[in-house]
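Spelled out from the first residue to the last, the chains are:
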Amino acid sequence: MVFALGVAGTFALWRTIQRWQDAELEANAVAVASLLAQVIEAQIDDHDLDALRRWADLSERDPDSSASWRSNAELFLANYPSFGAILRVDDRGRPSDAAGETEARDALRGLVPETSAHSPDVSVGPIRLADGRVAFGVPIPVRTATKEPHVIFALLEPAVALRRLLEHGAAGYSVRVLCQSEELFRAVPGGFEPRPDQFWKNAEVALRMSPPWTVAVHPTAMLVGGAHQGPGIVALIAGLMISALVALLVHVSRVARARGLSLVRVDADLRESIGETEREETEVRELRGTFETRVTQRTATLQETIGDLETFNYSVAHDLRSPMGAVINFAGILEHDYGASLDANAREYLGRISASAQGAVALMNGLLAFSNSGREELHMRQVDMRDLVEGVRDDLAAEKPDAASAVQIGALPRAYADSSMMRRVFTNLISNALKFSREAPAQVEVGGYAQANELIYYVRDQGVGFDMRYAHKLFGVFERLHSRGEFEGHGVGLAIVSRLVRRHGGRIWAQSVLGKGATFFFSLPTRGSRDVRGDGTTQV
Amino acid sequence: MARPKFDVLMVEDDSNDLLVAMRAFRRHGLEENVKVVHDGAEAHDYLLGQDTAQNGERRLVPRVIFLDLKMPKVDGLRLLEQLRSHPRTRAVPVVVVTSSDREVDVREAYRLGANSFVVKQFDLEKPGEYLVDIARYWLDLNRAAS
Chain L
1 MVFALGVAGT FALWRTIQRW QDAELEANAV AVASLLAQVI EAQIDDHDLD ALRRWADLSE
61 RDPDSSASWR SNAELFLANY PSFGAILRVD DRGRPSDAAG ETEARDALRG LVPETSAHSP
121 DVSVGPIRLA DGRVAFGVPI PVRTATKEPH VIFALLEPAV ALRRLLEHGA AGYSVRVLCQ
181 SEELFRAVPG GFEPRPDQFW KNAEVALRMS PPWTVAVHPT AMLVGGAHQG PGIVALIAGL
241 MISALVALLV HVSRVARARG LSLVRVDADL RESIGETERE ETEVRELRGT FETRVTQRTA
301 TLQETIGDLE TFNYSVAHDL RSPMGAVINF AGILEHDYGA SLDANAREYL GRISASAQGA
361 VALMNGLLAF SNSGREELHM RQVDMRDLVE GVRDDLAAEK PDAASAVQIG ALPRAYADSS
421 MMRRVFTNLI SNALKFSREA PAQVEVGGYA QANELIYYVR DQGVGFDMRY AHKLFGVFER
481 LHSRGEFEGH GVGLAIVSRL VRRHGGRIWA QSVLGKGATF FFSLPTRGSR DVRGDGTTQV
Chain V
1 MARPKFDVLM VEDDSNDLLV AMRAFRRHGL EENVKVVHDG AEAHDYLLGQ DTAQNGERRL
61 VPRVIFLDLK MPKVDGLRLL EQLRSHPRTR AVPVVVVTSS DREVDVREAY RLGANSFVVK
121 QFDLEKPGEY LVDIARYWLD LNRAAS
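As given, the protein sequences belong to chains L and V, one line each in that order.
The numbering of the first sequence is our numbering, which starts it at 1 and goes up by one.
The numbering of the second sequence is our numbering, which starts it at 1 and goes up by one.
Extracted from the complex, chain V is given alone in its bound form:
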């Protein structure tokens, strides 16, 4: 099944984690489906910025967003709040992928409308592949509101 571009928007500022994630996506042929932005401000600009001739592609809304919490400029929770208050992104599933396992972050993320909360995994055997599994779930199994 041919997938439209930008199925997954990955909001991640850690270059190590990005490298590992993209390698995993590449190995499973999903590289093309993943768009990366490096912080909350860039994500906001990408998803909710003004429509211009230059950024027409930005009208494409991802089917799932992987969101890191600890980021420079606009942090993950703040971005999540913005996404949930905008009609364009209100219904897009957001999976928080973070190194934080603090209960307060978990609770706050769900309160602000996250659909899932995942603590970053370190895996010697299959590094980063948990992200592929998550992407597959949201892209192949999950039924989103149209």
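Isolated chain L, as found in the complex:
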């Protein structure tokens, strides 16, 4: 009768739980969970187990008793449909009818937390207690004054109860432990896979493995139908109780989850564990906060430094340009107004002064242009690239009449870009191509095509080319792959092109065979695949 009282007690509690308002449920969940755990412990106490077994042996010989248990079980299930739902679901046993199975699964599905709504299993995870023991628990969302709602594990004692059951040989129901839907342990009627000692060893391992973990407790439908050995009845009772507890905690979890609150603590061990976890989490959060603050600060400092360097670069170029310009002007005046009274040597020196100053000013102009290319705002719009390149060719032809016939313009897809910057990009690439084409007539081909999420444009020449070993130096500021004596220039043009392309979220690269021409490619993201920022970086 001990177990009968246990069952009655469990069901009385369950009925009470059913009646609870949510607020009461939150307040009482701790006490009830703890009480239920004690009831289960008591039910499967060794002494009681023997008594149960003896009683079962007797009742088996008494068909009336068996029928009575069966009718009682059915009565319970009829009165407590959610229990029925849990009990009827079985992945191995046969449910009483197909419709019932669906109904049962649906009912159970309603009980489980949203996160595992696709499965009737209850998600739990192994946790280590303060004394080093490992236990499984049901996740309960909690909220404290200092933290966002989060999840802790609250089901402890049932794990102990479960172990007892498993150690005594599970019957009439199955327990499956899964990690990422792979079954690691399974307790089935008449046996356990792997052995119980292995189970707890594995639980230790499980603790170190990544979630999600799932424990599925499935009392079989056959149990409900009766006609079982004594231990099966014990298992039925224990299964009911475990189911009750799981159902309770799932329900609490669901309610709490819906309301985003409630703190469930089962015992001092767990409280301590939670305390430690909370402390650790707080520490981790503080560390993360500190880290993030530091990253933010460093980034700000770095951006400030980059800004300072840009400003410095600009001011140096700008401020030196005026005095250098004055040198040019006065050298010019000197030559113009007093040239006649200078001898050949003096005129030679004056010429050198002028040439150097002019070189310096050209260099500074390049630097200013480079600096500006990073400062200007992007004005994005649809650009007819063919139109734009034809314009560039015509402009170049005004200075170099050969350009008109040398530049062949192929298909060029429209782009979403800053047209003024694109004009500079093509002007630079095409005039480079003409510059490095020594043999007349020059042949320069401009084309483009779409590819995946980007548009690719290229400028190809048949000129002197470059050694691919130095390709990485092409787009640096003041990098030159040819001496100034061979080709004029200051090594800023491609750096500007590269920066303008990158500001569009694109890439630039080049291919060449020395002496056989070069092809410069750049890409622009298609409109849907970009997030262009004004600071030279791009988020995709």
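The hints are simulated quantities; they were obtained by calculation from the structure and are not laboratory data.
Yeah, the Cβ is synthetic: ideal placement off N, Cα and C, and Gly gets one too.
Hints may contain errors.
[To be verified] When the alpha-carbon atoms are kept at most 30 Å apart in a straight line, the in silico DSBU-like pairs for lysine-lysine are as follows: (1) V/Lys73 with V/Lys35; (2) V/Lys70 with V/Lys35; (3) L/Lys473 with L/Lys400; (4) L/Lys516 with L/Lys400; (5) V/Lys35 with L/Lys400; (6) L/Lys435 with V/Lys126.
[Said to hold, decoys possible] Facing chain V, according to a computed beta carbon distance under 10 Å, are these residues of chain L, among others: (7) Asp319; (8) Ala331; (9) Arg352; (10) Ala355; (11) Leu368; (12) Asn453; (13) Ile456.
Given the structure of chain L, go ahead and fit chain V onto it with the hints provided.
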């Protein structure tokens, strides 16, 4: 054609640039038509200062103003703003002549009412003569509001 005095008011603080500019104007016989002030404050005082017996000549409004941007005291853009808000100088063409080629300066100058924006030129062959060309355009070709 005899020109009235002070056709061009040149607001420039850089003595090198002034020397080169005045040489160019002199070579083209325009020296007399150019009045020089050395910063924004002086320009403001000259153009918009109080009328007194001593500064009666200041009532003469130039036909074009060459305005440097980077100057001590009152800078070029601030002066431009003042000129455009005063009825006496509201319609006078202002040519910004500066060493800055920053887009932000260009945009701001036009926003505040500049009529032209020129980056200072350094020329070995004909130093400063671009200013003569600009002056000729505004004095001979441009038709200003009366």
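Consistency of the hints with the structure:
Between V/Lys73 and V/Lys35 the CA atoms are separated by roughly 19 Å; this keeps the pair inside 30 Å, and the hint holds. Between V/Lys70 and V/Lys35 the alpha-carbon distance is near 19 Å, which keeps this suggested pair within the 30 Å criterion. A hinted pair counts as satisfied when its Cα atoms are at most 30 Å apart, and L/Lys473 with L/Lys400 qualifies at roughly 28 Å. Straight-line distance between C-alpha atoms of L/Lys516 and L/Lys400 comes to about 23 Å, which keeps the hinted pair within the 30 Å bound.
Distance hint between V/Lys35 and L/Lys400 is unfulfilled; the C-alpha atoms sit about 42 Å from each other, more than 30 Å. Proposed proximity of L/Lys435 and V/Lys126 is supported: the alpha carbons are some 28 Å apart, at most 30 Å. Taken as an interface hint, L/Asp319 checks out: its beta carbon lies about 9 Å from the nearest beta carbon of chain V, inside 10 Å. Interface hint status for L/Ala331: upheld, as the beta-carbon distance to the closest one in chain V is roughly 7 Å, under 10 Å.
Violation of the interface hint for L/Arg352 is found here, the shortest Cβ-Cβ separation to chain V being roughly 12 Å, above the 10 Å cut-off. Checking L/Ala355 against chain V: minimum C-beta separation of about 9 Å stays under 10 Å; hint holds. For L/Leu368, the interface hint holds, the least distance from its beta-carbon to any beta-carbon of chain V being 6 Å, beneath 10 Å. Annotation: interface hint on L/Asn453 violated; nearest CB of chain V at approximately 30 Å, more than 10 Å.
Hint on L/Ile456 is violated. Least Cβ distance to chain V is approximately 29 Å, over the 10 Å limit.
The earlier numbered hints that this structure contradicts are 5, 9, 12 and 13.
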